[in-house]
Every structure is written in C-alpha cells, then in structure tokens.
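A.B. asks: Chain residues, written in single-letter form:
2 protein chains.
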Amino acid sequence: MKRLISCVVALSAAAMILNATNVCAADISAESKGTWIWYPGDYEIWLGNEMNNRRTERGSFYPPYLWRIDSAYPIVEFRKSAKLTQPETIEICAEGLYNVVMDGQRLFGAPQKVDIPAGEHSLIIQVFNQKTPPTLFIKGNAFATDSSWLVCSSEKKRLPEKNHDFEYVSADCWNFDSIEQKPSDFKLNTEPKEAVSRKTAGDGELFDFGRETFGYLRFHGLKGKGSIRIGYGESLEEAQDWKEAETSDWITVDGDNVTNEITHQVAPNEKIFTMSGSKAFRYIYLAADKGVKYDKISMLYEYLPEEYKGSFRCNDEEVNKMWDVGAYTLHLTTRETFIDGIKRDRWAWSGDALQSYLMNYYLFFDKDTVKRTTWLLRTKDPVYCHINTILDYTFYWFLGIYDYYMYTGDDSFLKQIYPRMQTLMEFVLNRRNDNGMVEGQPGDWVFIDWTDFPMDKSGEISFEQILFCKSLETMVLCADLMGNKADHDRYSALASELRAKLIPTFWNEEKGAFINNVVNGKQSDAVTRYANMFAIFFNYISPEKQQLVKKNVLLNDQVMKISTPYMRFYELEAFCAMGEQETVLKEMKDYWGGMIKLGATSFWEKYNPEQTGRQHLEMYGRPYGKSLCHAWGASPIYLLGKYYLGVKPTKKGYEEYSVAPVLGGLEWMEGDVPTPHGKVHVYRDAKTIKVSSDEGIGTLYFKCAGTPKTNKGTLKSKDGEWTLTIEPGTKVVVTLE
Amino acid sequence: MKRLISCVVALSAAAMILNATNVCAADISAESKGTWIWYPGDYEIWLGNEMNNRRTERGSFYPPYLWRIDSAYPIVEFRKSAKLTQPETIEICAEGLYNVVMDGQRLFGAPQKVDIPAGEHSLIIQVFNQKTPPTLFIKGNAFATDSSWLVCSSEKKRLPEKNHDFEYVSADCWNFDSIEQKPSDFKLNTEPKEAVSRKTAGDGELFDFGRETFGYLRFHGLKGKGSIRIGYGESLEEAQDWKEAETSDWITVDGDNVTNEITHQVAPNEKIFTMSGSKAFRYIYLAADKGVKYDKISMLYEYLPEEYKGSFRCNDEEVNKMWDVGAYTLHLTTRETFIDGIKRDRWAWSGDALQSYLMNYYLFFDKDTVKRTTWLLRTKDPVYCHINTILDYTFYWFLGIYDYYMYTGDDSFLKQIYPRMQTLMEFVLNRRNDNGMVEGQPGDWVFIDWTDFPMDKSGEISFEQILFCKSLETMVLCADLMGNKADHDRYSALASELRAKLIPTFWNEEKGAFINNVVNGKQSDAVTRYANMFAIFFNYISPEKQQLVKKNVLLNDQVMKISTPYMRFYELEAFCAMGEQETVLKEMKDYWGGMIKLGATSFWEKYNPEQTGRQHLEMYGRPYGKSLCHAWGASPIYLLGKYYLGVKPTKKGYEEYSVAPVLGGLEWMEGDVPTPHGKVHVYRDAKTIKVSSDEGIGTLYFKCAGTPKTNKGTLKSKDGEWTLTIEPGTKVVVTLE
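For the record, the sequence lines run as chains A and B. 80 is the number of the first residue of the first sequence in our numbering; add one for each residue after it. 80 is the number of the first residue of the second sequence in our numbering; add one for each residue after it.
Excised from the complex, chain A in its bound form (with noise of 0.2 angstroms):
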C-alpha cells in the first residue's frame, strides 16, 4: 500500500503533514469500505423531528408540541483501536467540524486523508454540528468506520448516576454506505404516478388516483394568473369539502412563478411544477380561478423501499384482500419510522408503534426502521416524562424492545438501548405509589384506548399495572442478556411483588375478570376488557380464569365494546392464544371485511360496522377527522401470520421456533414468514402440512385425531397434539389421516 507517511509525528514534522493530505483519491484500496456512523439515537431523533413536523393540518404547520422534543448532540467522539496487519490509508469525511487524534497525537486540521503504519493504532476523531447530526465516514479498511466503533457525547458520562468520567457505546448505522450519501441528506424514494380518472365537479376538476396513496402532488403545463385551491381527499366527500378538508393546498400562479402559501416557496413555472408538502389522499379536487390553467395533475409517489418478505393466500378472496390491503396500510405508514396514520397525524406514537412492529416480523422483516422508532420515542436522558407523554405508551415503548430480540436475534442493539431502558425504568419506579403501583401523574396523559362512553382513568387502574409488571419482566430478561446479575435481581424483586399483588387487587370474584381500577384501595364497579385481554396473552391468569374472562368479558356486549383496530388487536390476539382461531376469522370478516366492503383500500383509524355513510369519515368531531389509513388497522397480517400460518420464535432470531399452523374456518392457506436471514414457508389444508425454512430448528405442533404422517423426521404425539422438528433447509410434508 503506497506512500506509507507516519502521522504520528506530524505535529512535529510538517514537511509530513503534506503527505498526509495530498494522498490522492487512487490509494484508497479498492476493497476499501465504511458507512457513515453516529451516536445512537441522535440521528433518529432528529430524523423524527423532521418527519414528526411535516403534519398540517388544513393548511397549518402542526407540530407535536406536546411532546418532549430532543436534538442531536451538538458534538460527539469517535473512537476505535486496531490492529492492523496491514499499512492502511483512510478517507474521512465528517458532517461537521472535525479533528482527528492518531495515537494520542493532534493531527494538524482536519486532514481528508491519513496513511496509517501497520501495528497497533487508535484513532479518536471529534465532530461539532448544530445543523444536523454530527457523522463521520472513514473508508478503508481496519479502520472503515461501522459499530464496532466507539462514541460519546459530552452529555452521556455526566449522568448522575455514571460517574465514571467516559461512557462510550457503539456507533449507530443504518445503510448510508458511501461518502457521497450523507445522512442528513435522506429522503425516501419517490415513484410517479398517474390518476385513474378525471371529471369535472362543481366548478372545479375531481381526480381519482384509485387508492389511498402518498406524495407530491404535480401540475403539468400550469400556465396564466390566479390561485389554484387544491383540497386532498381520503374520500370523495373530503376532497370536494375544502374548507372543511384535513389537509389542503394554495398555490399562486403569475406568469413564470407559482407561490405555495404555505411553504412561501417560489418556484419558477417549469413544465412540470412539484407541491413542496407530501400529502394523503386518494382524491384530489381542483378549483382554479378562470385565469389559470393546467394540462393534467400526476403525482410523485413516496415511500420507504420494502421487500415484501412475508406472505399470504388462502381459499378466501375477502381475507387475501384483508392480507393484501394490511400489507399496504403498513407500508404506507413504514416511513423514516413506523408513523400512526398518514393524513391527518404522520407522528411517531409508542402504542402505534408496538403494533407495527409486529406486523413488520410477519412482512417486511425490517429491523432498521424498528430500531429507528425505539430512538426516536425514546429521547434521551435524563428522563422527565413518559414518552408521548402517555402512560401506557411508556411501557409499550420496553415491550417493543424485547419483541425486537426475540423476532431478530440483535444483541447489538440491545446493549446500545439498554442503559435507556435503565434509566426510563427509574423515572417509572420513582413516580409509583405507596402501593408500589403506577398511577396517572400531573401532566401524563392516561391513554388506554379511544373509546365511545367515558371511562375512569383514575388511581390504580388494573391495565397499566400490567403493562407495567410485563415491562418489568422485559428489563429482567434484557439484564440477563446484558449479564447483568444486579440488575436482574433488582428487577426480578420487583415483577414478583407486583404480579403477586395483581390477582388480590383486581380480580373480583363476583364478576370473573379484572375490574378496571382502584380508588383509595377500593375496587370501582366497571369491568373493562383492556386488562383482560391482556392477562390472557401475557399469560397471567389460569386457564380456568381465562374461560371466565372469555365468557364474562370479551364475549360479554355489557362490557364496553372496543371500536379501534388499535385494541381489537390484542382482544383478537386474547382469543387466538385461547384458540379460538374461528372465533377470530368470524370477527376478521366482519370488522376487516366490512371496511373493505365499504371500499377500503388501507384500513382505518376506527372504524364502528353500525355507522354508516358520512359517520364512517368522522372523528374528533371533526367531519373528515378519521384517518382512512392508520398503522393500527393492518392487524390482520400479523394475526394471520402468528396464529393462523402459526409461526413465532421461541428463540432469539429463530435460532428455534414454532409452526403451529390453524385453519380457523379457512379451507387451505399458504405464506411465508420471514427470518432474519431467510424465511419459514407454511401450507395447510384439512389433509396437509408443509413446512420448510431457511434457518433455525422449528417445532411443528399440530393436532390430530389419527395417525399422521411425515417425509422427514419423526413424528411424536403427547395429550392428542403431535409435534415434529423441522431442519432448515428440508421440506417437511406430513399427511394428516
């Protein structure tokens, strides 16, 4: 490797210094490579911030104010020691100011390149930015910037609670592979596209692009004097209601130049003319002043590349469409993170976001956005409110992570998260009762579920300490996996006590369920199902309880019915774990089917089947307030892929898992469920089974009155349910009798 200059000396030897940052672009070895790194959570959070503040909200900026809302540290050290075999010569590029310290030794500036000797070196590169986050790209090769490398902020070793002077974790990535791809300069794909219909409406032009869609809406030939008011539809009705619409656009035509009032952008009148503001809309109603003129709209797609990894088919067409429009709905709202709705709200929500990555493990398989959220919802330390500011939402935020593992196997990301996860578990243990339980604080906001009746959000209500003893669990689990034995024991202590106070404080007898809350240690009259359901899947109540939450809750119309595909997830979820997978094909249809026989093509924020017409588009008492495309109503890939397909990890990243694959109802059902490198592919029908995979050791469990049969390894039965170990790479066939 070339012209070998020490650095090491180049404070004192200028004539060196030259040498080291006139080596031409040709030394970089050709295998050389790199990407570009950060501190963990700064570029997400700043990344969020942007996409987070791109709602309007009929014309207006609207920004989650309430929220906490973090930045990127303004400067932050990187740092990695090698050893090198080898001499190397590496390239650095940095957004921002940047030194670079080889060895213990200043370089002088800001060198572009330093040719490093073979043996042992370290190399600790600073970076100051307040525009956006500081990153840092070096090619080559020991020293190729990835997450091996080390980084500290001038924040992180000042927390009370680490006073050891340098706390450095690994470098954060994503897949900004070249120098040229600065991360501060993301933006996600755009694709054009063309309305499926034009028509002349009132005074104005009524376009229809055939689905929900996303992007940037294009004039093509706009040419005269005079304003253009552009009203975006989810639905028909919403598109041709412009004072009354969610989102809307103005824009000002004179000559050359067309305005955007919103933006104040300027633009010269090119032949096609791009809206600064990415919107959603299926519809798009035009009323141009007599002046103006355009010779047709097109539309500038965006969206976050995906590889549709999981799949599904069956013999029914109304659930393959609920598949396929679920499957949409989540890539609609899988953006820079995983985002509730597209039209009205575009934030990052922890509950929402829950959800999405479990339908995410059943489709896309995408880690990275996944990762991406956590930060972003997260913020950084020290901790002053709950994330979102919601409760509940702060202990979804844990769930989320240990989901994370087990789907993907990253222990990576785990020991990045984990001191937050430390410090956010403190601000929750810090703020409990005399009881030890959590309750509503001064400025949180209980959320639970949208619901039609009022429901008491007051003391100790029964949901979120579940919520709360199940993030409990999780640190138990995440301390193991980091070994940390203190932590564990801490932890663990403190599942235990609070799970064994769960039965006694909230179970009525009389009733058979969890009633909702606890006043002044005395048990209120309402029994919701949120509680419930949620005892059931997490396991927390017998099988004998479980019946009587199935009888005396969820199949129960005196208890309050749940109308957001937000909570009919877990309440679906509660019967699939019973079994009850004809019970929940029944419900799929009916909730599922009956958006899309009302013309669905993503699923809604809520959605009520008594409602009908203008009803169905209402919400926050606002005429076109709902969102027709919200994350939360893709459910049905994730139930049908876990209960039905039947595939889960019992393992971290399917290193083992099971393949219980149930009809429900279906005649025959087909799909793949993705691995992290690879996928399980399942088909039944009332005679077969077929299972084969790329990865891990699975357990098919199925039941069966006869003797079944198998191609491949041996079959073994215990209690009428048989079971068979599927080896990667072979195609198991068994017969059923």
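Just so you know, the hints here were simulated from the structure itself, not pulled from any lab data. Some clues are possibly wrong.
Listed next, the in silico DSSO-like pairs over lysine-lysine satisfying Cα-Cα at most 27 angstroms (straight line) [claimed, not checked]:
no.	chain 1	residue 1	chain 2	residue 2
1	A	K459	B	K459
2	B	K459	A	K210
3	B	K727	B	K769
4	A	K369	B	K192
5	A	K536	A	K630
6	A	K210	B	K266
7	B	K192	A	K304
8	A	K446	A	K730
Position chain B against the provided structure of chain A, taking the given hints into account.
C.D. replies: Relative to the frame of chain A, chain B by itself:
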C-alpha cells in the same frame, strides 16, 4: 388603516385568506416596529456553541468537549394578547416553519401578513427549526415582537417540579431590529487593518501588527503554486516557531484556487484572499514555497462594537497605560459572550466571566453580553453537572446575577432566569454532605486557581463553603425580588445555618486564619489565601479577624502566593475593602506595570515577576501555552473604578450609589463610571473632589481632618468621615481644607 379583513374567520372563508396573505408591503404602517425574539437562552446557547467551537489548537479544531453542550429547543411557542384601539396589519417572519393561531382559530398556511381588527385579540405562533434557534419577528404596533411576548418550549412545562402544563416566560431579544437582520446571521464587526512592519526572517517573512489583535488574515495578490505555512504569534517567538505555536494555518495555492487545510475551504483566488478562521496574534510569520507569491498581507480586525463609557486618567502615566491596556484586553475578550482568552482558549468560563462582568460595569456597561454569557453558561434544565463542570464556577454564576441586578436594575432578566437559579441551587443542595457542606463529587472539577504548588482539594474546602454561602444569600435576595416568600424563608434558613458553621469549622485560632480544608472532621494544616480574602470583602469576619488575616495570610510570604491575575483580582479587592489602596497601587504597578514593562499590549493569563525571557510565554507545559490576552488580566479597570474613583451602586441600577474617591498614592485622578442611563463623573486631588451624575442619588464619602466646603448640599460628618448627597444633574465641588 386600509383594507381590514377579519382573519378570525379565515378557515371558513377562503376568499378572505387571499386578502390576509396578499396585503402589500405599503400597508404596514410606517410607525411599525419589532425585534427578533426567541426562547430565553436558546439563541445564546446556539451562538455560544458556535463561538466555543472555533477554538483550534495547533491547526486542529478543539471543542469544549468535557462540558455540557446544549441545543436550542427545536419547537417554540410564542404568544401575546393585546387590545387594539385601532386595527393593525402585521408582517410575520420566522426562522423556521411556523403557524399562526389567532383568537383560537388556526389561519391557513403560514401567512406573511395578517390584518387584525380593533379590539381584544390573541396570537399564538409555533416555530420549528432544527438548524438554528426558532425565532420570530412581527412588524407591527401592539403585536410587534418584543420582550412582552411570552414563550414556551415543549420541555419547560414538563419538569417534574412544574406540574401545570403551560409555563410561559418572557421572550428574549437583543438588537436584531429589522426583519432582514436574522439572528442566525449574526457576525461580529470587522475592520481592515495593516501591519506596521514587515521583514525577512529565516526562510520567510515576519509581520508585526503593532499590538495584540484578533481577526482574519488576508493575502493580497496571491499567485503561483505551492503552500504557505502561517504562524500566528502573540509573541515574536511564537510566530516564528510554527511547530509549537498554539495556532497556525496552512494554505495551498494552485492557480486560481486557494485551499485552507483546516476547513478544506476552497476559494477562488480573488484579489484579496481572507482566511476562514479568526485568530489572535500580534505577529505573523509566513513560510511560502518558492512558487507562491503575494504582494502583502493585512487583516480584518474582528470585534463586538462597544462604547467606552467608563474612563480613568491620573497623574501616573503607568497607571493610565494599565487602564488602557486593561480596557483593550477586556474589549478583545468581549465577543459573542465574554471569553477568557482570545488565542488558545476562546471559551466562556463562569469564573472568568464573573470578573469580566464586573470590569464591564466600569467600562462598557454592556448588559446584553452579560446576559448572553449567563444563559450560555447555565445551559438547560434538568441540571446534571456543574457549570463548566467546576464546583466553584456554579457559585460564581449565582453571584454574577446579583451583581447584574445591582448594577443595571434590570429585573426582567432576573424574572427570566430565576427558575434556572432555583433548579441549579436544587442540584447543589442535593449534593451536600451530611454536614450540609459541598465537596467535589466524581466528575466535578474543584478548580479554585492555578497554583504553583499542589493544594489539597479534598473534603470540605473553606473557600467552596464561602462561595456556597454567598450563593445562598444571593438566592435569598433574588427570592425577595421575585416576591417568593417560601424561597426566601428556605434559602435564608440554609444560608444562616451554613454561615454559622464557617468560623467553628474553618477558623484556626492558633493560625489566626481560615485553614484550607477539613477532611473527615479534621482541620488540615494548610492555610491558603482564597477563603481568607473572600471572607474579607464578603464581610463574613469581624474587623479584628480581618486584621489577623491581613497579617497572617495576605502579608505573609509563607502562605502560597497567587500568581494568576484571576485571584489577584480578589486579593487586591480584599485589600481595597480594608482601605489599603496605597498597598494595592504598589502591587498594581509591580504586577500590571511589570507586564507593561515587558511590552504587554494586553494583559496575560498568568504573570510571575520572578521569571524571565521565554519563561513568560510558557504554561501548561507548552512553550507558548500562556495566553497573552486574558480577560481576568484586565482587573485594574474594575479596581480603579470601584475603589479609587470609588463608585458603586447601593440600590439596584444606581437608584442610589456611593462615591468614595481614594487617591491611594495618586496625586489626582479623574474618570467616568457608567450607570444605566448615563454616568458618574469623579475628579479628585489632594484639595478638591468634583462629582457629577446623570441619574440616581449618590452619597459622597471622604475623610478629611479639617472642615471641607461644598458648592451644593450639606456636608455631614461622623467619626472623621464626611458625607454629602449628590443629586443628579448637578456638579458638586468639595474643597478640602
């Protein structure tokens, strides 16, 4: 006032919005005003970060990495309600994305002009910006932006101790009084300056700019191909020693392009090429490759414009020179904030800043720079480390605020900053030991002073407790000003309790002095000057003990001497407080006169009269490590103003003040001390005292054995001291017998 359109109904009246956004500029009233406003501290922290990160060390960017580095809040809400007697049209401009809610109604887009009808109205504007602080300008009348606007960030209201949801504070502003003058565009002023001499030296050329200066080096007529090494020197020796000089640069000329090797800035080779980084220097040494030529160099002197409101002249030219050099030193170190030194360090340090503030009250009386520095140093809530990580510097921060209030009378700043005083004091209180005293904790730096011999900094240090006690007393005074009775009572009790412990804990009867520290309840053997001298001018010890301290400590050569102008400031103040101006004058002439005799054109970081030659340049183990322009070197301007001219406020903002002119060995002296809206002029010689002032009620104090006469008012005498009331706008002449 023209076309008045009610924007209140903008959402439901599309046609009207056009009027709201299309009002022409001429509609804005000629009397309209406004200034850029922001969340207090946001802009100061952002600007201060930019400044603190301009430090380079031998060509390499050197950030204040160990400090807490904050950012501006990305989202800020601004609001104001006002009653308009007549309608007004406002013009809105923000640095960032913004929205406008008027009278609870969201206006469409981000309107640049809004018509507001007469009557009671409210405006809420939210601004989002991640690149620079969110700021707002409204040009108008009643709604013109100024400090009467209220602001709130997403974080403020969520602090655990502030449970109510919305806590607003007064907006902050400076002098950005037109829409075009965006705060984020702020630059210090510059002015071209020429070198006073140029000569060949070694292989290069040496330029002398005549005195210490600061700015951007410029090349005229640069051409050819090759490199130029640039050595900056506060001294001749440093400039010529490129390898060891604290700051240096390197440029590469190639035909039409010039590349700066530190910033990678490439500039077309214009007639004048200006270096991108500003530097401190008196001398410049250039070593150019043979192929590179230049006609000459010059510089752009960079400075904060300041009016020299204070002045001092006397019969002793050395003292006059001392005042002039001190004033220039303070001006060079008065920048975006007050900084310590201009060459190496260029950072804002709380201990240094406190002294700059005090000097500033006798020279520029620049309130804004005191405020900016105070905000930058404090950073944000929640608190998790000391200011600059230094225990003593946290205490100096409190003291600076009370000084600010006394000198300026500006209680609006006190109201803005009081919440951060409370939270910082809580942080201190939470870290007390069982004895209620402060000790250095892991991660803290217990600085006190640079000393020539080791000093024990463990356990309870007397000096730190004295600063702590004074800080608590400051909290009591500020709580009173805020009308906060609960705080008054709490801090009073804490201050009294600590004050009562000082003498029992630290006073040693045998030594007749405060000892340095107590470890495990046992007094150490060491006596240092710090606690002893502060106890004098804080008036914490009786006149008898003051005399003991003077004899046993201040005049005792066995007690470790002070060699920084930093602590000389307080040592001499202690002498002055005991009326020892003659002693101090001798000391000043020795110490500051000594630097002047060595050719100082600005005052140094450290000076030891016993050293010689290059020793004066060394510090931190580096040959040119010492800063030859350090703010804490400028204290003569404070001492001469406060203890010779003898002027100081006795009620806030010079509502009342005292004038106690003391010649201290001078034959005559004359000068001005600035007050908020004018100045106090003092002349004194052996036979005459002349005082005049623009505001406030002054009391002249002087000693006179005989019977003095006055042209105004009535002289009173008590115990040999005479007093006379000075009314504003009168020239008082007192003739001494």
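A.B. asks: None of the hints should be skipped; say for each whether it holds.
C.D. replies: Evaluated hints:
| no. | hint | verdict |
| --- | --- | --- |
| 1 | K459(A) <-> K459(B) | holds (14 angstroms) |
| 2 | K459(B) <-> K210(A) | holds (19 angstroms) |
| 3 | K727(B) <-> K769(B) | holds (16 angstroms) |
| 4 | K369(A) <-> K192(B) | holds (25 angstroms) |
| 5 | K536(A) <-> K630(A) | holds (24 angstroms) |
| 6 | K210(A) <-> K266(B) | holds (17 angstroms) |
| 7 | K192(B) <-> K304(A) | holds (21 angstroms) |
| 8 | K446(A) <-> K730(A) | holds (17 angstroms) |
Violated hints: none; the structure is consistent with every hint.
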